[in-house]
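*Asks:* If you're matching them up, the sequences are chains A and B in order. Residue 677 in this note's numbering sits at position 74 of the first sequence, with consecutive numbering throughout. Residue 1230 in this note's numbering sits at position 83 of the second sequence, with consecutive numbering throughout.
Hints may contain errors.
What the hints assert, rightly or not - Computed list of lysine-lysine pairs in BS3-like fashion (alpha-carbon distance at most 25 angstroms, straight line): (1) 1357(B) to 837(A); (2) 836(A) to 1260(B); (3) 1241(B) to 1222(B); (4) 1306(B) to 1357(B); (5) 1306(B) to 836(A); (6) 1222(B) to 1260(B); (7) 1393(B) to 608(A).
Worth flagging that the hints you see were computed from the coordinates, not collected in a lab.
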Amino acid sequence: MKRAKIVQKRFLGTSFVELWLEEKDIAHLASPGQFVMVTTGSSYDPFLKRPLGILACQENQFGLLFEIVGRGTQILSQLEIGDQVDLLGPLGNGFSLNPKEALLIGGGRGFVPLYFLAQIFINKKVPFQFFFGIRSQEEKVLIEYLSQLPIPLVISCQEEFSGFYCGTVLDAFENWRQQHSLSKSAPKIYACGPQGMFQTLAKMDDIIPNQIEVSLESRMGCGYGVCLSCAVKKKGLPGYFHVCKDGPVFRLGEIEL
Amino acid sequence: MNLQVHLGNLTLSNPIILASGTAGYGREIAPYLDLDRVGAFTLKGLSSTPWVGNPPPRIHETYAGIMNSIGLENKGFDRFFREDLPFLENFQTKIIANIWGKTIEEYSDIAKKMNGLERIDAIEVNVSCPNIEQGGESFSSNGQVLCQLIQNLRQKIQKPLIVKLGPNTDDLNNVLQFMEKEGVDILSITNTFPALAIDVENQSYIFSRKTAGLSGPAIKPLALKLVYDVIQRTRLPIIGMGGIMKTEDALEYFLIGAQAVALGSVNLIDPSAAVQIIEGIKTYLVQKNIFDINDLIGKVR
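Generate coordinates for the entire structure from the input sequences, incorporating the hints supplied.
*Replies:* Here's what the structure looks like:
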């Protein structure tokens, strides 16, 4: 198990928190799509660590960004600069990093691993387009991350919100597809967001689910493949994958959602 | 200092065991824990043929504990043999195979296969998983059926035979007498406790099979009481388990008379916990001026 010190913290609105932690190995080894399991304290209550996606790495530090969705993340949101946390990581299989061209589609907190991926693509000079969808104005605090990057960006909001496409991120993606004829070597699609977004994406015209990489979120017990809690059904085959070990990045066509 | 313990004809270099289903087949936990440091390592439960397990959700957190309904998902004997057994050859530690089946014939089949493997040091029979329809707990909730199963397996298993009993074992007195008579070597006490959780938002059960097994520190005093109850009624050596998180928890089990303890849920949140607990036991023995851990076992009567 590793121990990391919190070196930066900020709230984004009331429900998102960005933490930066100092841990050399994780910062050097982590790849977009991978995650860490973070302890919520030493009282055994909550009992389990929490899986959190990695936002970025810089020198000996790595960033996490999470939404407060329950008791565990509430406790994590109360950590302060200088506090130490126990963690495991980096865990799981990340995204493939060598497409000729890419489209990144993120919904809500699902933008976290894609933001990390976007930074790698910028460094590797992979051309890409980023689509980012938020449900409500509450989530607009997340936009600043992407608007700071020198990338072509389409933002959608399901509430009326001036300057942005009104609808889901997939509505915005479809609209963009109709206006742009995609090059012959179809760009590789990377997506992360809520389950409904994946289900809709898999059914869209001219989409080949087996060529799309998605990063899944799941409740986990251990994060390293022993408890088998994070089961996701295999498509067309008996049995389950385990998000922590077989994923969290899967081909959209290989999982049943 | 002596940490070596003898559970019947199974000798362990120290009394700390990794419980089945919380350490995989070795390869998963090996990056975090030197398997040769633990007294024994119990494999995730295996059946003769692969088993897909239960649909999600499979886990639910409670106050200081977790409920699980994995449903004994496993890759089956053949894949274990190909993918995991060669890795286990790299270690000296004792390896306990945990087995289960839906029928006596299935139990018997996997028992024979495991009995034939040189690398396997003992076989633990799971008759207490609360999360499947057939097999598991359905065997220990009927004393007669359980005795029939054990009688059958004893004939097939020459290695030390461990029976893992859960909290709801039917007719415990008679079952324990029968185990002794049939030559069971060791008992594992206990398994997860059958438990229930409700999704208040959706006004439904959390788990598709309604009940699930509770483990973690929340059950430790209950599990300790079960171990105490069994110790009063049998001469068989006991591996105590349930909610052990740190050295003091393990010591409670030893003091009440368990010859070894198994760590379960703690491995999920700290895969290297076993080493800290072993070191903690050494420190305790030094403080108490005790040379041999066996002098501690059963000190509280």
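*Asks:* Give a verdict on every hint.
*Replies:* Evaluated hints:
1. As the CA atoms of residue 1357(B) and residue 837(A) are separated by approximately 23 angstroms, the hinted pair is consistent with the 25 angstroms bound.
2. Restraint check: the Cα-Cα separation between residue 836(A) and residue 1260(B) comes to about 29 angstroms, which exceeds 25 angstroms; the hinted pair is violated.
3. Pair hint residue 1241(B) plus residue 1222(B) holds up; C-alpha atoms about 22 angstroms apart against a cutoff of 25 angstroms.
4. This hinted pair does not check out: residue 1306(B) and residue 1357(B) have alpha carbons roughly 37 angstroms apart, beyond 25 angstroms.
5. Annotation: proposed proximity of residue 1306(B) to residue 836(A) is violated, straight-line Cα distance about 37 angstroms (limit 25 angstroms).
6. Note on residue 1222(B) and residue 1260(B): the hinted pairing holds, with a Cα-Cα distance of about 15 angstroms set against a maximum of 25 angstroms.
7. Restraint check for residue 1393(B) and residue 608(A): the C-alpha separation of about 24 angstroms stays at or below 25 angstroms, so the hint holds.
The structure shown violates the earlier hints numbered 2, 4, 5.
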